Amino acid sequence: MSTQSALPNETVADRTLNTRALRADARREELRLLALLSPSLLLVFAIIIVPVGWLFWLSLFDETGALSASNYARFFEQASYVKTFVTTFKVAFIVTGACVLLGYPLAYMLSQLPRRAASICLIFVILPFWTSVLVRTYAWLVILQRKGLINSWLIDLGVISQPLSLANNFSGVVIGMTHILLPFLVLPLYASMKTIDTDCLRAGMNLGAGPVATFRQIFFPLSLPGLASGVVIVFVLCLGFFVTPALMGGGKVIMWAMRMEQTTSLYSNWGAGAALGVVLLAVTLALLGLFQWLLGARATGVWSSR
Amino acid sequence: MNKTKSVRIAAMAGLMAAAAIPAFAADTITVASWGGTYQEAQTKAFFDPAAAALGITIKQDTTNGLDDVRLQVTGNAVKWDITELGADECARGSKEGLFEKLDYGIIDKSGINPKLVHDDWVGISYTSVVLIYRTDVFGDKGPKTWADFWDVKKFPGRRALSSSQSTETLSVAALASGLPIDKVYPVDIDGALKSVDKIRGHVDAWWTSGAQAMQLVKDGEVDMASIWNGRAGTLKKEGAPVSFSFDQGVLTADCMVIPKGAKNKEAAMKALAMFVSPQLQANLPLYVDNGPVNEKAFETGKIPPERIKDINSAPENVKKQVLQDAEFWRDNLVEATEKFNNLIQQ
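Chains A and B, in that order, give the protein sequences.
Take the first sequence: its position 188, counted from the start at 1, is 168 in our numbering, and no numbers get skipped.
Just remember that our numbering sits 2 ahead of the position in the second sequence, which is counted from 1.
Please keep in mind that the hints were generated in silico from the structure rather than gathered at the bench.
Take these hints with a grain of salt, some might be off.
What the hints assert, rightly or not - Calculated cross-link-like contacts (lysine-lysine; reagent style DSBU-like; alpha-carbon spacing at most 30 Å):
id, chain 1, residue 1, chain 2, residue 2
1, B, K220, A, K232
2, B, K304, B, K46
3, B, K238, B, K220
4, B, K200, A, K70
5, B, K239, A, K127
6, A, K63, B, K185
7, B, K341, A, K232
8, A, K127, B, K103
9, B, K81, A, K232
10, A, K70, B, K117
11, B, K111, B, K298
12, B, K341, A, K63
13, A, K232, B, K196
14, B, K146, A, K232
15, B, K156, B, K196
16, B, K272, B, K117
17, B, K146, A, K127
18, B, K238, A, K127
19, A, K232, B, K156
20, A, K127, B, K272
21, B, K265, B, K81
22, A, K63, B, K200
23, B, K200, A, K232
24, B, K220, A, K127
25, B, K81, A, K127
26, B, K146, B, K220
27, A, K127, B, K200
28, A, K127, A, K232
29, A, K232, B, K155
30, B, K81, B, K143
31, B, K46, B, K265
As the list claims (entries may be wrong) - Here are some chain A residues the structure puts well away from chain B; computed CB gaps all over 12 Å:
id, residue
32, F73
33, S99
34, L187
35, V233
36, M238
Note that this is a predicted model, so its numbers are computed, not measured.
Think of the CB as a built atom: it goes at the ideal place given N, C-alpha and C, for glycine as much as any other residue.
Using the sequences and the accompanying hints, generate a full structural model.
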């Protein structure tokens, strides 16, 4: 509105001319950006849209190549499909929850540390990233199993008399996966916490808010976009996890990805496994939609802040 | 002048080299197996001697099983001239028409169990599923039979069975229900599942790979387990406190096939004939615990007598074990595995 008085000599014609030129400029800019984006859009189309479409297509055929719903009918005929599907989401929710509980304070601490100390601490977050998932999973097995480090220490200290069941069951899977997925929550969260303007916090304090109120009313809401993106990443990665549940679950925690492998090789038909992928994708998208709807504008912030 | 000449010579040399490649390629075959110590043993026992005798080059690759072969054959991209598979995979692949016919004019089938000699696949070696227990827990009074393994009162302790090898676990379960070894086949699947149902609440880990079974026993995570004899033998050699025997073992065969559309079929046929010959078969137990598929191997004198008693396919050990029926599982695998998975994943 202030532009109205900016140039007193400006005529109406000048203004429309200007607007038109600006609009044309903006359009050209948009096209240029689109041109710049097109290689990556093509790539996304080629490596995501096409294979997912193909997967969906494959899932509609049985092993003789005839069009059929048999790959989907199996989910209702065999109780174990529903059971493993529920297990998958149960693990995903628990692991995501554990990552939030452990990751939020960690990211908060990192964001408050002086720069040098923070980068040293960050190395410890990132370092496990460079180690293979398989190696880390086996390491947990060594630590958690019946005659592993934790049990032998606790028994030697006289804390327990019978070894705890920590590996080859549900708790083993949750521990192993939480460790592996923690950086995926901490890193985006830390990045978003670092961008929080400390002046906002100071302003809050200046207006009489204590540390708790400042955190609760200013810092926490501002960190939510980072938290939401971390949660989404961890949750989605959980749903597709294979190695850790396969090794840490003792065959008693069957997740959907393991079920896909079993199904594909058992029915000698890609479609059988593809159907599982389609169902997982549909349910995941629905959940993410729900997530965005629940968090409303804040979750939208996740996408726009990316 | 000089320059053109040298260019011409170089071009000629290039042409000659190009012309030489097809002739060379015909004498190179690619064999795929399971990798690891088993394939290293096969290299020394089969591949190197056969390559030397036939004057060919044998390249090697590793396989994950029937899915790989199906992918290559249906995708018209056959990389292998010979590949190893489990016998039930051979039976399934044969039904799907994935393999070339074998020429028993070239391959001498005498000495091989007729159940493992088919139009398009032939046995290559044996593995046994055996019962292993830790002697630091049970002394020498551990579970000796599968019925003992199922007896959780008499033999308390942690247990592991295979979930990935459903057919082997069902054979084991049939033995545990008290069937004598000659009555296991054809497997009464519902009866075997009932037997699995009795033990499943007491199974602390279901293994999906040989390495995992070994790790579970080695680290004392379980006190007893079903395990492949090769892995059990390795544990014993490494000094782990374990005991196992071939009593009530489940003998499973591996087989070799020539995938349909293999590029060097003829050379592959000759090589395969060498692999199953008694002379090369007798080499195998010198390097690994997988027994020879050709019983004439035991007559070659190559295998030391004290070694014979430790080989699963030695005639006196075969008598104590059940042979997995590949054709039975070809027809029943899917249904049985579905029911088995539903049961143990409940």
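### Message
With the threshold set at 30 Å, check whether the alpha-carbon distance from K156/B to K196/B stays at or below it.
### Response
Status holds; Cα separation ~20 Å.
### Query
Is K265/B within 30 Å of K81/B, Cα to Cα?
Cα-Cα ~8 Å, so holds.
### Query
Does the alpha-carbon distance linking K63/A and K200/B stay inside the 30 Å limit?
Distance of about 20 Å is within 30 Å: holds.
### Query
Within a Cα-Cα threshold of 30 Å, do K70/A and K117/B meet the stated pairing?
violated (46 Å)
### Message
Can you confirm whether the C-alpha distance between K200/B and K70/A stays at or below 30 Å?
### Response
holds (27 Å)
### Task
Given the hint that K81/B pairs with K127/A, test it: the Cα-Cα distance must not exceed 30 Å.
Between K81/B and K127/A the Cα gap is close to 45 Å, so the pair fails against 30 Å, i.e. violated.
### 30 Å Cα cutoff - pair K239/B, K127/A
holds (21 Å)
### Task
For the pair supplied as a hint, K127/A and K232/A, confirm whether the alpha-carbon distance does not exceed 30 Å.
Holds. K127/A to K232/A sits at ~20 Å (cutoff 30 Å).
### Query
K304/B and K46/B: Cα distance at most 30 Å?
holds (14 Å)
### Message
According to the definition I'm using, a residue is off the interface if its beta carbon is farther than 12 Å from all beta carbons of the partner; does F73/A meet that for chain B?
### Response
holds (20 Å)
#### Entry: K232/A paired with K155/B [C-alpha distance capped at 30 Å]
At roughly 23 Å apart (the allowed maximum being 30 Å), K155/B and K232/A satisfy the hint.
### Message
Does K127/A sit within 30 Å of K238/B, going by the straight-line distance between their CA atoms?
### Response
Within the cut-off at roughly 19 Å; holds.
Violated hints for the displayed structure, listed by number in ascending order: 6, 8, 9, 10, 20, 25, 30, 35, 36.
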